[in-house]
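Engineer: The chain contents come next:
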Amino acid sequence: MDEATSGASHPLPARSNRPRNPGLPLAPGWFLGVAVNRPAAERRAATLVARRSLKKEHQAAWLLNAIRCMDLTTLAGDDTEARVERLCAKALRPLAAPIVAGLGLEPGEVRAGAVCVYPTMVRAAVRALAGSGVPVASVATGFPAGLMPLPLRLDEIRHAVAEGAAEIDIVITRAHVLGGAWQALHDEVAAMREACGPAHLKAILATGELRTLTNVWRAAMVAMQAGADFVKTSTGKEGVNATLPVSLAMVRAIRDYGDRTGHRVGFKPAGGMRTARDALAWQILMKEELGDPWLAPDLFRLGASSMLADIERQLEHHVTGRYAASHRHAPA
Amino acid sequence: MPSVREALALLDYGPSPESAADVRAWLDAHAAGFGHFIDGAFSPPGATFETRAPATGEILARVAEGTPGDVARAVAAARRALPAWSGLAGHDRARHLYALARHVQKRARFLAVLESLDNGKPIRESRDIDVPLVARHFYHHAGWAEVLAEEFPGQAPVGVCGQVIPWNFPLLMLAWKVAPALAAGCTVVLKPAEYTPLSALAFAMIAAEAGLPRGVLNVVTGGGATGAALVAAGVDKVAFTGSTAVGRAIRRATAGTGKALTLELGGKSPFVVMDDADLDAAVEGVVDAIWFNQGQVCCAGARILVQEGVARPFAARLARRMARLRLGDPLDKSTDIGAIVHPVQLARIVALVRQGEAEGAELHQAACPLPERGSWFAPAFLTGVAPASVLAEEEIFGPVATLTPFRTADEAVELANATRYGLAASVWSENVTVALDLAARIRAGVVWVNATNVFDAGAPFGGWRESGFGREGGRAGMRAYLRPAPAGRPGREEAALPPPAAFPGGEAGADAGIDRTAKLYIGGRQVRPDGGNSWGVSGRGGRLAGHAALGNRKDLRNAVEAAHAASAWAGASGHGRAQVLYYLAENLAARTDLFARGLAALGASRVAAAGEVAAAVRRAFWYAAMADKFDGATHATLSGHVTLTMPEPWGVMGIACPSEAPLLALLSLVLPAIALGNRVVAIPSQTGALVAADIYQLLEASDVPAGVVNLVTGHREELSRTLAGHDDVAALWYFGPPAGAAMVEAESAGNLKATWVATRRRDWTGPAGQGRAFLDAASAPKTIWVPYGA
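Keeping their order, the protein sequence lines are chains A and B. Note that my numbering gives residue 162 to position 162 of the first sequence, counting from 1, and the numbers run on in steps of one. Note that my numbering gives residue 231 to position 231 of the second sequence, counting from 1, and the numbers run on in steps of one.
Pulled out of the complex, with its shape left as it was, chain B reads as follows (with noise of 0.2 Å):
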C-alpha cells in the first residue's frame, strides 16, 4: 500500500477488493463435492466435475456430474410433488415465491460474490444488476402467483419443467426460469450450466431455508448430456436458454413429445445510432452492451450501425471510452472487465477476431494489461468488418462490437435486419419519430430507444428468427408456463392421410353439371398446379365430389414468395384489416347456400353444412372485431421508462388444416393470422380440398389483397414437410396426425419456426375453435423501452 503522499500523486484508484471470506467458507465447507438437491436434500456427490474461478483458474469446488438416473430421480421428484404445489391456493405459494424474493435479498452479498467467483464477472455487476434483479423477478412472480386464477381463468400449470441454463447470469437465469414455473404451479428440475454452477446449489440450499416443499425445485449438476438427458425425461416442458445450435438439437429432441417447448438462444444485435443521437449516451450504451458481462450476453449490441456522419467522431469517442475501462479482479469494485468463463470461450473469441482480421477488418482494442493468470481478453471493437466477414454473421460472445457505417434510416433498417437472429436492438435518436420508425421495422423481441440491456421482470423478453421463441417477463412469460385446463374428453387423433393418387381411374361423380376446375390460389391468381395434376375427391357416400389441384414443393415456393410480397397488409391499420374481414363475412353470408352444397357434396349432413358456414360467418366478424383490439400494453417496469409490448405478425405463416370442417377449421386458422397481419399459405384440409375454389372465390370477392392467403391443396404430410423446411416461414400451424407433427417440429429446427400442433381433432363451432390463443400463437410480442426525462 502506498503512503497517502505518493497515492496523493498518482490519484490512482488502487485495489478495493470485496471479501470473499464467506464463499470461502462455504466452498471449504463443502470441499467433498456438491451433490444435486433433489426431493429437497442433496445427494452424495458420486462421479464430480471441477468448476474453477476464470479469473485465476483455481478449482472452487467439485460438483456431481448428472446421470441419467440422477436426472429420473429428480423428475420423479417433481413428478410426486406437482398436485401439491399445483394444487395450492394461488396465495400459498405466492408465499412462497415472496419468501424466496426475500432470502435472494438476505444472501444478497453473499450471492453476488459467489457469481463474481464461479462466473468471472465484475462484481459491480453481480451486485448492482444480477442479484437485485433475481430478487425483483421472485417479487414480480409472487404476485403472478397471487392473481393467477383470475389473471389466467381456465388455466392450468404446464406440469414438470425442465429447465437449462447458461452460464453467462447463472443466478438470473434461474430466477428468470424458476419463479414463473413456479408461480404457474408448475414443478422444476433445473440444470445450471457446466461452468457455472455454484450459485443454482447455493440457491438451492436458500430455497430449502425458506421453507419450499421438497420435490417443487430440483437441481441437477453435470455437462451436455446431463442436459440432454433431462431434454429426454419424462417431462412437459423444457425451457432453455443458451446456444443457437443446442437449442436446434432441443427442438429435434422434443419433436413430437408433446412437450412444451421455449427456447431463448442466440443473438447478434443492432445497435444504430442516427446521426442525431446523444453520441456520448450512445457510447456509453456500448459500454452497457458490448462491453457488460464481457460481451457474454445473449443480446448484446454487437452489431454498431453508424450513420456515416458521425461515423468518424463516434468512433473516436468510442475509443477514447473504451481507453478507461479497468480490467481486472472480479472482486475489485472499480473493475469493469472481469474475466471470460473458460479458456474454451476465450479461445473462440481469439480465434475469431483472428479470422475477422484475416478478412481485413481492423481491430481497436484497449491496451489495458491482462493479468497473467485466467482467461482474458481486453475490450475492443472492429472497423472495416464486410457484411459477409464471419464477424458480421457470427456470435462472438465476448466483448468485441463490429463497427459499420450506414447511410440513411431504411439502410440501417435493412442492415439490422440481415441476420438469422432477432433477440434484441438498441436505436439511438433524439427524434422520436425516426426512432420509433426504427424499433417498429427492426425485427427484433426487445427495443430499447436510446438504452441498451435495460431489463425488467414485468416486460417480456424473448427473440424471433433463429433467437428462438417464446417470452420471459411479465403476463407473456407466465403464459409460458400455463396451457388450457383440459375441458371435457379429449377429442379422436387426426388420421394420417394417405398421398392422394394422381392418376385416373376413379370413379364418376354423382352431379352431371358443368365440370368445375378447383386451381390453386397463389398470389392472388387461381393457379394450374406446377405439376400438372388433379386428384379425385370422395364425397358422400364414397362417390366422386370432384377434382382437386395437387399442390406440389414448387407450389409452396411460389405461394411463399407471393405471401412475402404482400408484406404492405402488416402496415395496414387493425380497422383496415377489420374492413376487409368483415367484407369477407358479408360475402360468405351471402354465399351460405354455395358453400353449404359445397360441405354436403363433400359428405357432411345438410344440418351441419348449414351450422358450419353459419359458424364462419360468425368467426370473420369475431377476427374482424379483434383486428383493431388485441392491442399489446404497456407494462409499468421502471420509473421513467415507457415499455410498451406491440403483438407483432411473425410475416409468411403456413397452416396445415385438419380434416374435419374443411371451411370452418381453415377459416378459423387463416382469419386469426391476417387479422394481425400475418399473410398465410394454408394448406386446406386434404379431405374436403375442394372447398378451396369457393373459398378462393370467396377471397376475391372480399377485396383480400392478393398474396395475403395463398391456398396450396395436396398432401398435407408432404406440403407440411416443405413448409417445415421452408426458411423463409416464419411459423407453422399443423393439424394432423402425431406422426406429422413430430415431423413438423424437427424439420422446422432448420429456421427455428415457431410451431404450434395439434393432433386431436376438436370442435370447431365452440371455444376450442376461437379465441385469444389463436391470436397469441398468431404473433409474439415486441417490447419496446422508451426512456423519457425533458
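Chain A on its own, in the form it takes in the complex (with noise of 0.2 Å):
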C-alpha cells in the first residue's frame, strides 16, 4: 500500500511528532563490550524508589500523568470491537467526572496516551476514538511469540498501518539475542520499520525471555540502530514482565544511543505494573535516569490496564480522603 496516502489519512497526534529516530547500521562496538551488573542494578532499582517520595498534589499529578502516558492495552483472544469500544471510551474518560473536577481540571483535560489492541481490532478503535487525538496501537509480527515467517510478519504491519493504526509494538526474534545473531536482529527490526510507514515502531523485547540484563541492553542497544522509536520491555504473556531492574538496563541504552546519536528514543514497560505506587515507581525511574523530556507520552508509555483502576481509587481518595471502592468506577 501507498504509505504516504496512508500517513494522509490518519495523521500523528501533535505529540508524536518530534524528529524520528532514524536508525543506523549495525554497530557493535557499540555494546558488545557492554556488560551490566545486575546486583547493582537491582540495589539501584531497590534504592531508587525509595529515594523519593511523592504526596498530595504531587502525588495526584504523577498519578494523572501516568494515565496520560498509559497505553490502555486489551490483547486478549476474546476481545471484540465492543470490548474495545468499551475500552476506547474509558481512554477518553479515565476518570469519573467528580475526580476530575475534584481535581480542578476541565472534563476530558486528561486522556489516556494510547489504545493498544491487535490489528483486527484497529478499525473498531480507530472509529470509536476518531477526533479524539488519541492514537491506536497496533501489535503486530505473530505477536506475542513472533515466530512467523518475516514476509507474512511485515504483512501483518502494513495491514494494522493500513486500518489506521498510528504506532506497531513489533515483538522481535529472542532467539536472534539468545544466539548472538546481532546483523539478524538488525536486519529484521529495520526491515519492520520500514514496513511501518509513518507510524512509530515500538520494539517489544520479551525481556524476560532474554533473561540477562546485558542481553536486554544489548538487544535495546541494537533496536534503536535499527530505527526503533521506542523499547519496550514485554508483550505482557512472558512468564516475567517489565521490571524495575530490567526497565533501568533498558533506559540506560535509551540514554547511552541518545549521547551517541543525538536521537530520544521512548521507552515502554508493560506487563506486571499493576498499582498506582508502581505508576509512580516507573516514572520516578524515568525522571532519575533520563530526565522530564520523558516523563511525557511521546516518550514515555505505561503498558498496563489494571493500573487504571488503583490510580483511580488513589486520585478519589485524594479528593475525598475516603477510601475508594473500585466497583463505583466505570470498567475499563
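Hint data in this document are derived by calculation from the structure and do not stem from the laboratory. Quantities reported herein were computed from a predicted structural model and do not represent experimental measurements. Warning: the hint list may mix true and false statements.
What the hints assert, rightly or not - Across the chosen pairs, the derived CB separations fall in these ranges:
| id | chain 1 | residue 1 | chain 2 | residue 2 | range |
| --- | --- | --- | --- | --- | --- |
| 1 | B | Asn431 | A | Val240 | 23 to 29 Å |
| 2 | B | Glu359 | A | Val240 | 51 to 57 Å |
| 3 | B | Ala319 | A | Pro107 | 27 to 33 Å |
Quick reminder that beta carbons are idealized off the backbone N, C-alpha and C, glycines included.
From these two lone chains plus the hints, build me the complex, please.
Structural biologist: Below, the structure written as C-alpha cells:
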C-alpha cells in the first residue's frame, strides 16, 4: 500500500511529531563491550524508589501523568469490537467526572496515551477514537511469539497501518539475541521499521525471555540502531514482564544511544504493573535516569490496564479523603 | 502547595517531610536537660552542653557534660554489674539482646527521626540503613550470646568496657560496640559523640524499657575530656571508633595499662574502576560511597581510581548523576544529601577543598542550592589531584571524592595501597579474575567487589595500618570482647634485662673447643653486627657460655628491609609453607643433640633441654599442619552475596622473645607467624642469645627462604623500642617485663601497628605455648564481598 497516503489519512497526534529515530547500520562496537551487573542494577532499582517520595498534590499530578502516558491495552483471545469500544471510551474518560472536577481539571483534559489492540481490532478502535487525537497502537509481527515467516510479519504491520494504527508494537525474534545474531536482529527490525511507514515502531524485547540484563541492554541498543522509536519490555505474555531492573537497563541504553546520536528514543514498560505505586515508581525511574522529557507520552508509555483502576481509586481518595471502591468506577 | 494542574505542569517531587512530632515531644519532655544513664537511672543533668540540629543550627537539647566523677560512678556501676551479667547463662543474655533488637524495631521510626535531626543525615538513610542494621546487630549478637559457651570454649568476657563512638553513625556505632560486649558478658560504659548524643540516650531508655539489668549499660555524655576520662578510668578494655589522631592518643594513654584495645579509625579508601566495569553500576557505587551520609563515612570510597580508557565517559556519567542528587532537609523523604554534622566539620571540608584547588585540582560540584541556615556542602569530585596533594592524602570526611586515572591493574594496586590507611576498598570489574586479583592485593580490611558500603553483622569490619586494629561483626568481632579464661596461677613477671656489656673483661668459657662465632642472621645471610660488638652470654653456673653478636638499630633497619624483600613468601601456598615447616621439624629432630647441648650450656637441665627440643619439633609439625588449615570462612550475610574472610598475614612482624625457653619460645612465636606468610624480624632471648646461631643454621638447612626469618640478638628493650617505632613494621609481639610492654605499646602509636604484649612467664611446652590464638594474632581477617547474579 501507499505509505504516504496512509499517513495522510491517519494523521499522527501532534505530540508524536518529534524527529523520529532514523537508525543507523549495525554498530557492534557500541554494545559488545557492555555488560550490565545485575546485583548492582537490582540495588539501584530497589533504592531508586525508596529515595523519592510524592505526597498530596504532587502525587495526584504524577498519577494523572501516568494516565496520560498509559497505553490502555486489551490483547486477549476473546476481544470483540464492543470490548474494544468500551476500552476506547475509558481512554477518553479515564476518570469519573467528580474526580476530574475535584482535581480542578476540565472534563476531557486527561486522556490515556493510546489504546493498544490486535490488528483486527484496529478499525473498531480508530472508529471509537475518531477526532479525539488519542492514537491507536496495534501489536503485529506474530505477537506475542513472533515466530512467523518474516514476509507475513511485515504484511501484518502493513495491514495494521492500513487499518489506521499510528503505532506498531512489534516483537523481536528472541533467538537472534540468545544466539548473538545481532546483524539478523538489526535487519529484522529495520525491515519492520520500513514496513511501518509513518507509524511509530515500538520494539518489544520480551525481556523475560532474554534473561540477562546484558542481553536486554544489547537488544535494546540494536533495536534503536535499527530505527525503533520506542523500546518496550514485554508482551505481557512472558513469565516475567516489566521489572524495574530490566527497565533500568533499557533506559540506560536509551540514554547512551541518545548520547551517541542525539536522538531520543521512547520507553514502554509493559505487563506486570498493576498499582498506582508502580505508576509512580516507573515515572521516578524515568525522571532520575533520563530526565523530564521522558515523563511525556511521546517518550514514555505505560503498557497497563488494571493499573488505571488503582490510580482512579487513589485519585478519588485524594479528592474526597475517603478510601474508594473500584465498583463505583467505570470498568476499562 | 501548588494546584494539581501546576504540579502536573512541573512534575517535580514537592516536599515530603517525615513528621518529627514524636521526637519533638520527647525533647520537650526533657527540656531541663539530659543527665547520664548510670546504674539504670538518669542522673540530674548538672553542667550541660548544647546539641544542635545541623540542618538548622537550632538547639535540640541540653546534655550533661561528663566529669571524671561521673565516669568513675558509671565504671563502678558497670563493675558491680559484671559478676551477675557475665555469670548469666548464655541463653539468658541472649533473651536480653533479643529484647533490645525487638525494642529497637518497635521504636524504629522514632530512632530514625531522632538520628536525622541530631546528625543531619537523610531520613532515607537513617530509616532504611542505620536503624535496620542496628536491629540486625542485636539479633545477630543475641545469637552469639546463646551459643557462646560452645563456640568459644575456654573464653571469658574481657570485663568492663569503655566505649567511645563517633557522630557519623551514632546509633549504629553504639550497636556495633554494645551488642558484642553484652553478648560476651561484658558490661559497658559508653560515651557517645559530643555532636550526636541523643540517640544513645534514647537507646538507654529503650534498654531500661526492655528490662536490661541496671549497670550493664551506662551512658555518659560529654566531649573529648569525658572520653579521655573514660579511657583513663578503671576499665578492662577500651573500644574506640573515630579519628586516627584520637586513636593514636588513646593508644598512648592505654600503653602499659593492660587494657585491651580495639581501634576503628580513619580511611581514605580506594574505589577502583576497571575498563570492563559496568560504568553505570560504578557511578551508582560512588553515590553509595562518598555521597552516602554526606561522605562522613570512615570507609567511604574517597579515592576514585579509573582506568584511562574509560576515565572520560566515567567522569561525564558521574557529573550527570551528581547533578540529580537532592540536597536539603534531612527529614524530607526525597533528600539524598543532608547536612554536615557541625560547622567545625564544614569549615574543615571547605578548607581542604580550597587548599586542593590552590594546589591545582579542579572542582566539579553539583549546582544544587544550599539552604540559608545550617551546615551544607554540595556533593563534588575533584580531578587533577596530584599524588602529593593534600586531597590525595588527607581524609576529607565530606561528600568529596578525588578522581585519578591509572593505566594497568598493577598501577591501580600501587595507587590504592599508597596510603597510611587500610580500611576498605571497592573494586569494579566484570572480570572475576581481575576483580579478585585486585581484592587480594589491595591492603584493606574490607573489599567490596562491584559493590560498596555493604554491611552485615555477620561479616567482620575493620582496618589495617592507621585505620586501626580489631574487627567488629561476626566471630572476629566477638573475639575482641573475649580473652582466655584464667587457668591456674599466673606466671611470674618477666624480669627487665640490663643492656649487655659490650666490653671485654668477663670470665673465660668452660669449653676448650673451637671458638664459635655467633652472628646476626639477616636476609638469609650470617652477618656481623653493624656496631662491631659482641657480649658475653652467661651459661650454666654463671660461667661464660659464649659471645653473642650485639645488634643495633641499623641491623634492625636492614632486617626489616630484608623481610620486605621476601614478600614472595606471602604468595606461597599454605602447602608450600607447610613443606618448609615440616622440613624444619625434620632437621631440628636430626639436630636434637646439638640443640640440647646448647640449651644445657645455657643452664637448662639435661632433661629440660631434651624436652624443649622435642616440644619444638612437635610445634613445627603443628604449625606446618595449620599452614593450610587456618583458612578463613564464608559468612551467612545477605542473600545473593558471597562474603568471605581470609586471614591475611600482617606482612613484616617484629617478635621480641622472652628470656625463658630460648629455642622453644622463639619457634613458638616465629612459626605461627611464618606459617601464615608473615616475614619476621625476631629478637631472640637475650639471656639465651647463643641459640640463635644454631637456629639460623637450622633455617638455612631447611630451605626457609632468605629474609623470611631474621634474627637480631642484643638488648631486648632497646631493639624492641626500635621495632615499635619502625613505620614499616606492621605488627609487634613483645614478651618481656611490664615497663617494656608499656614502651612498646606507646611507641607503636606512630603507625598504629598491632601489638601483642605478654609480661608473664608461661609454660611453653604446654597449651599456653601453642594454638589458634597465635595464628589469630599473626593475621587479621580481610572480608571480601562479591554480590552475584547472571
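Engineer: Look at each hint and say if it fits the structure.
Structural biologist: Verification of the hints:
1. Distance hint check for B/Asn431 and A/Val240: the Cβ-Cβ separation is about 28 Å, which falls inside the suggested range of 23 to 29 Å.
2. Range check, B/Glu359 to A/Val240: about 52 Å between beta-carbon atoms, so the 51 to 57 Å window is met.
3. Between B/Ala319 and A/Pro107 the CB atoms are about 45 Å apart, so this pair departs from the stated range of 27 to 33 Å.
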